[in-house]
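Protein chains: 2
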Amino acid sequence: MHGALQGVRVLDMTTMVSGPVATMILADQGADVIKVESPSGDLMRQYGSIVEGVSSSFLSCNRGKRGLCVDLKTPAGLEIIQRLAGKADVLVQNFRPGAMDRVGLGEQAIRKIRPDIIYVSISGVGETGPYSQQRIYDPIIQALSGLAELQADRESTGRPRMVRTIIPDKTTALTAAQAISAALFYRERSGEGQHIRIAMLDAMVAYLWPEAISSLSFVGRERDPASGQMGLDLVFDTRDGFITAGALSDQEWLGMCRALEREDLINDPRFITARSRIENGAARRQITSEALKQWCSADILERLHAHGVPCAPIVSRMELLDNDQVRENDLLHIFDDPHLGQVRQPRPAARFDKSPSSIRRLAPGLGGHNAEILEELGYSASLCEQLQKDGVLLTALRNQ
Amino acid sequence: MHGALQGVRVLDMTTMVSGPVATMILADQGADVIKVESPSGDLMRQYGSIVEGVSSSFLSCNRGKRGLCVDLKTPAGLEIIQRLAGKADVLVQNFRPGAMDRVGLGEQAIRKIRPDIIYVSISGVGETGPYSQQRIYDPIIQALSGLAELQADRESTGRPRMVRTIIPDKTTALTAAQAISAALFYRERSGEGQHIRIAMLDAMVAYLWPEAISSLSFVGRERDPASGQMGLDLVFDTRDGFITAGALSDQEWLGMCRALEREDLINDPRFITARSRIENGAARRQITSEALKQWCSADILERLHAHGVPCAPIVSRMELLDNDQVRENDLLHIFDDPHLGQVRQPRPAARFDKSPSSIRRLAPGLGGHNAEILEELGYSASLCEQLQKDGVLLTALRNQ
Numbered sequence: 001m002h003g004a005l006q007g008v009r010v011l012d013m014t015t016m017v018s019g020p021v022a023t024m025i026l027a028d029q030g031a032d033v034i035k036v037e038s039p040s041g042d043l044m045r046q047y048g049s050i051v052e053g054v055s056s057s058f059l060s061c062n063r064g065k066r067g068l069c070v071d072l073k074t075p076a077g078l079e080i081i082q083r084l085a086g087k088a089d090v091l092v093q094n095f096r097p098g099a100m101d102r103v104g105l106g107e108q109a110i111r112k113i114r115p116d117i118i119y120v121s122i123s124g125v126g127e128t129g130p131y132s133q134q135r136i137y138d139p140i141i142q143a144l145s146g147l148a149e150l151q152a153d154r155e156s157t158g159r160p161r162m163v164r165t166i167i168p169d170k171t172t173a174l175t176a177a178q179a180i181s182a183a184l185f186y187r188e189r190s191g192e193g194q195h196i197r198i199a200m201l202d203a204m205v206a207y208l209w210p211e212a213i214s215s216l217s218f219v220g221r222e223r224d225p226a227s228g229q230m231g232l233d234l235v236f237d238t239r240d241g242f243i244t245a246g247a248l249s250d251q252e253w254l255g256m257c258r259a260l261e262r263e264d265l266i267n268d269p270r271f272i273t274a275r276s277r278i279e280n281g282a283a284r285r286q287i288t289s290e291a292l293k294q295w296c297s298a299d300i301l302e303r304l305h306a307h308g309v310p311c312a313p314i315v316s317r318m319e320l321l322d323n324d325q326v327r328e329n330d331l332l333h334i335f336d337d338p339h340l341g342q343v344r345q346p347r348p349a350a351r352f353d354k355s356p357s358s359i360r361r362l363a364p365g366l367g368g369h370n371a372e373i374l375e376e377l378g379y380s381a382s383l384c385e386q387l388q389k390d391g392v393l394l395t396a397l398r399n400q
Numbered sequence: 001m002h003g004a005l006q007g008v009r010v011l012d013m014t015t016m017v018s019g020p021v022a023t024m025i026l027a028d029q030g031a032d033v034i035k036v037e038s039p040s041g042d043l044m045r046q047y048g049s050i051v052e053g054v055s056s057s058f059l060s061c062n063r064g065k066r067g068l069c070v071d072l073k074t075p076a077g078l079e080i081i082q083r084l085a086g087k088a089d090v091l092v093q094n095f096r097p098g099a100m101d102r103v104g105l106g107e108q109a110i111r112k113i114r115p116d117i118i119y120v121s122i123s124g125v126g127e128t129g130p131y132s133q134q135r136i137y138d139p140i141i142q143a144l145s146g147l148a149e150l151q152a153d154r155e156s157t158g159r160p161r162m163v164r165t166i167i168p169d170k171t172t173a174l175t176a177a178q179a180i181s182a183a184l185f186y187r188e189r190s191g192e193g194q195h196i197r198i199a200m201l202d203a204m205v206a207y208l209w210p211e212a213i214s215s216l217s218f219v220g221r222e223r224d225p226a227s228g229q230m231g232l233d234l235v236f237d238t239r240d241g242f243i244t245a246g247a248l249s250d251q252e253w254l255g256m257c258r259a260l261e262r263e264d265l266i267n268d269p270r271f272i273t274a275r276s277r278i279e280n281g282a283a284r285r286q287i288t289s290e291a292l293k294q295w296c297s298a299d300i301l302e303r304l305h306a307h308g309v310p311c312a313p314i315v316s317r318m319e320l321l322d323n324d325q326v327r328e329n330d331l332l333h334i335f336d337d338p339h340l341g342q343v344r345q346p347r348p349a350a351r352f353d354k355s356p357s358s359i360r361r362l363a364p365g366l367g368g369h370n371a372e373i374l375e376e377l378g379y380s381a382s383l384c385e386q387l388q389k390d391g392v393l394l395t396a397l398r399n400q
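Heads up: the protein sequence lines correspond to chains A and B, in order. First residue of the first sequence: 1, per the numbering used here; consecutive thereafter. First residue of the second sequence: 1, per the numbering used here; consecutive thereafter.
Hints are supplied without guarantee of correctness; some may be wrong.
Claimed, not checked - In silico negatives: residues of chain A with every beta carbon more than 10 Å from chain B: (1) P75; (2) F185; (3) E211; (4) R275; (5) N280; (6) S289; (7) R303; (8) P346; (9) D353; (10) E385.
Claimed, not checked - Taking lysine-lysine and the DSS-like style, the derived pairs with C-alpha atoms no more than 30 Å apart in a straight line are: (11) B:K293 with A:K354; (12) A:K354 with B:K389; (13) A:K112 with B:K87; (14) B:K354 with B:K389.
Claimed, not checked - The calculated label-pair distances, taken between Cβ atoms and stated as ranges, are: (15) B:T273 with A:E79: 30 to 36 Å; (16) A:Q133 with B:R285: 35 to 41 Å; (17) A:Q82 with B:E155: 47 to 53 Å; (18) B:G7 with A:K293: 52 to 58 Å; (19) B:G191 with A:A109: 44 to 50 Å.
Calculated directly from the structure, the hints in this document are not laboratory data. Quantities reported herein were computed from a predicted structural model and do not represent experimental measurements. Ideal placement from N, C-alpha and C gives every residue a C-beta, glycine not left out.
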């Protein structure tokens with residue numbers, strides 16, 4: 001048994017997160033992904049926790065890929081990429097708009113070499129418009145997409161706030177991986193490749209919309225999404241910590257009243273239907289908060305659970321390592337690396353029973369597969385060595 | 001030209017967000033998605049902004065689908081689903097583990113009718129383990145996955161905080177849509193369907209990991225991800241509001257110093273390399289914050305922009321409606337609905353140049369396509385009417 005995308009070859013000319021995580025998802029599903037880096041290496045190699053010169057973040061955005069490090073500013077380097085493109089099903093790039101064209105690797109040039117390629121361009125905000133030529137980092141898209149406003153401190157200062165994980169980058173990665181997979185399906189049926197363009201800003205607006213922006217759906221009857229949104233901060237104080245709990249259905253609300261020994265609320269007209277509970281959300285929130293404060297976390301979680309009310313402790317990321325449900329799901333896998341020792345990575349989330357995903361290798365060192373990849377292209381060992389001497393190819397001495 | 005998934009039939013037996021948004025993405029790309037609802041309707045019809053009895057959230061999680069409302073507890077209702085499954089390429093369900101088996105629509109039963117179906121089960125935390133039988137809402141996964149801890153108030157109270165948009169639901173939707181697309185590709189090549197299982201918890205851990213949990217990658221050398229994470233809160237005060245700005249590369253840092261008229265920082269040894277700027281992040285942050293406070297937003301944004309420093313205003317969701325870049329990207333489309341008037345939806349993010357996505361219809365009313373769907377299955381008009389009278393089928397009087 002092999003991955004769903006076995007046999008698909010991906011030329012990955014992306015850096016940082018949005019592109020690399022997209023192609024990593026494809027690699028987990030069996031695609032042969034060649035990550036191309038310039039001699040200075042993906043900037044991501046500098047971020048995160050660094051052990052033995054290897055970045056945990058780079059490692060976690062590039063597993064399963066092979067690494068090629070080549071100087072695109074040399075004709076010989078460019079030729080290597082062109083020859084790789086000739087054998088690729090997918091090329092993904094997230095340079096600034098126009099940059100690939102300038103080095104001679106734009107869609108038109110590549111399509112001459114490989115007519116049915118799926119050419120994917122990931123940008124920050126699109127290829128035109130006021131922000132299109134500036135470099136885009138994740139917080140820029142959090143600011144432009146409404147995410148920073150959504151997360152603003154509503155209790156006191158009104159100050160906008162970022163989400164402390166790079167939602168736009170990673171959402172764009174998933175959006176791109178999905179689009180590429182759909183385009184592979186389409187090419188299988190039609191024989192046709194195409195150009196897919198994805199802007200992080202577009203991916204974020206589409207992602208936020210379903211509940212967080214949807215109140216702008218009715219033209220002329222827009223309601224400010226900030227005025228009453230779902231996904232409120234359902235963190236409750238208990239006597240000894242914090243928990244989350246929530247009751248949406250009638251049955252769950254009944255369970256909540258009973259778990260809290262507040263049967264008096266069951267027939268309270270403000271809370272008798274799902275709709276009335278939404279309308280009187282503030283009052284319900286206050287009453288629930290006060291009641292939960294009377295209990296210790298473990299006790300009330302047990303009671304809520306017994307009464308069929310969705311609830312959970314607040315788990316820290318460190319605690320994930322020992323969490324029952326994480327263990328039950330076999331979620332964290334460990335790999336042996338001769339250089340790094342044992343390395344932990346999360347199992348790909350989707351479990352395919354006939355074409356299982358797998359993590360076949362850890363992230364490549366800079367130029368870690370130069371020789372192997374060039375050999376597959378038909379370069380001789382001596383030519384490969386010469387290119388290395390000429391600075392066209394670079395292989396870092398160690399796995400970094 | 002038609003969408004990448006044209007010709008794919010999806011039987012959508014999901015409610016709320018994780019499943020519905022997954023199948024909506026497939027519908028945007030051309031799949032024929034039939035949304036099946038029980039007579040009580042998807043609970044999502046109760047949430048969000050309600051206009052003319054229609055929920056903006058339901059509308060924004062179910063566009064492009066046809067609607068069937070059927071009572072699964074009746075033999076005739078069950079038969080309708082079985083006959084639809086016989087013609088479906090994909091069945092997606094997000095009932096609690098075991099529920100589909102109990103009503104006779106589990107994988108084994110469906111595979112007898114349609115041997116090569118792609119059967120997709122979305123769960124909250126998986127099919128076994130301590131939390132598997134409770135109903136899972138989004139905040140539960142925010143709590144269990146480490147997201148609520150990640151977003152904790154580190155400046156003062158240490159209190160965990162939710163992200164105010166349902167990240168786990170929507171990330172699971174993208175994860176599922178990608179997996180389904182990869183499985184469609186695989187089936188095209190192998191002829192084989194399969195069962196894909198996706199837990200929201202797994203999707204979130206995989207999604208958070210690349211930078212937000214990756215410091216747990218090195219076994220025995222784990223570092224608490226809370227101790228120094230990327231994606232800090234890059235919101236800066238100006239004299240008249242808030243902006244975001246950030247300088248990662250040497251060039252950008254140089255630009256930042258110049259834009260702020262702080263050339264004295266250019267040769268400061270604490271900030272001279274990317275790595276040293278990370279190591280001295282706190283100091284850099286403080287100096288930058290103080291300097292930015294001296295400027296008005298519009299002025300400093302213009303200066304930062306001119307000096308090649310990534311920056312942006314904080315845009316509210318209301319402001320998206322008039323934003324230059326949103327307009328440039330043709331991001332918000334408007335549809336005419338006889339009942340609702342004009343309705344706004346975001347364009348699907350990925351732009352395919354050969355198989356363009358499109359929003360072919362708005363979300364269905366409850367049972368809005370009962371007659372059409374049954375007719376396609378070969379039911380006569382009179383039988384259809386009888387099923388309606390018997391309460392097997394239900395069609396809401398209006399578009400809600």
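Hints, verified against the model:
no.: 1; hint: P75; in the structure: holds (26 Å)
no.: 2; hint: F185; in the structure: violated (5 Å)
no.: 3; hint: E211; in the structure: violated (5 Å)
no.: 4; hint: R275; in the structure: violated (6 Å)
no.: 5; hint: N280; in the structure: holds (14 Å)
no.: 6; hint: S289; in the structure: holds (13 Å)
no.: 7; hint: R303; in the structure: holds (13 Å)
no.: 8; hint: P346; in the structure: violated (5 Å)
no.: 9; hint: D353; in the structure: violated (5 Å)
no.: 10; hint: E385; in the structure: holds (31 Å)
no.: 11; hint: B:K293 with A:K354; in the structure: violated (57 Å)
no.: 12; hint: A:K354 with B:K389; in the structure: violated (43 Å)
no.: 13; hint: A:K112 with B:K87; in the structure: violated (40 Å)
no.: 14; hint: B:K354 with B:K389; in the structure: violated (46 Å)
no.: 15; hint: B:T273 with A:E79: 30 to 36 Å; in the structure: holds (33 Å)
no.: 16; hint: A:Q133 with B:R285: 35 to 41 Å; in the structure: violated (26 Å)
no.: 17; hint: A:Q82 with B:E155: 47 to 53 Å; in the structure: holds (51 Å)
no.: 18; hint: B:G7 with A:K293: 52 to 58 Å; in the structure: holds (56 Å)
no.: 19; hint: B:G191 with A:A109: 44 to 50 Å; in the structure: violated (36 Å)
Hints 2, 3, 4, 8, 9, 11, 12, 13, 14, 16, 19, counting from the list given before, are not met by this structure.
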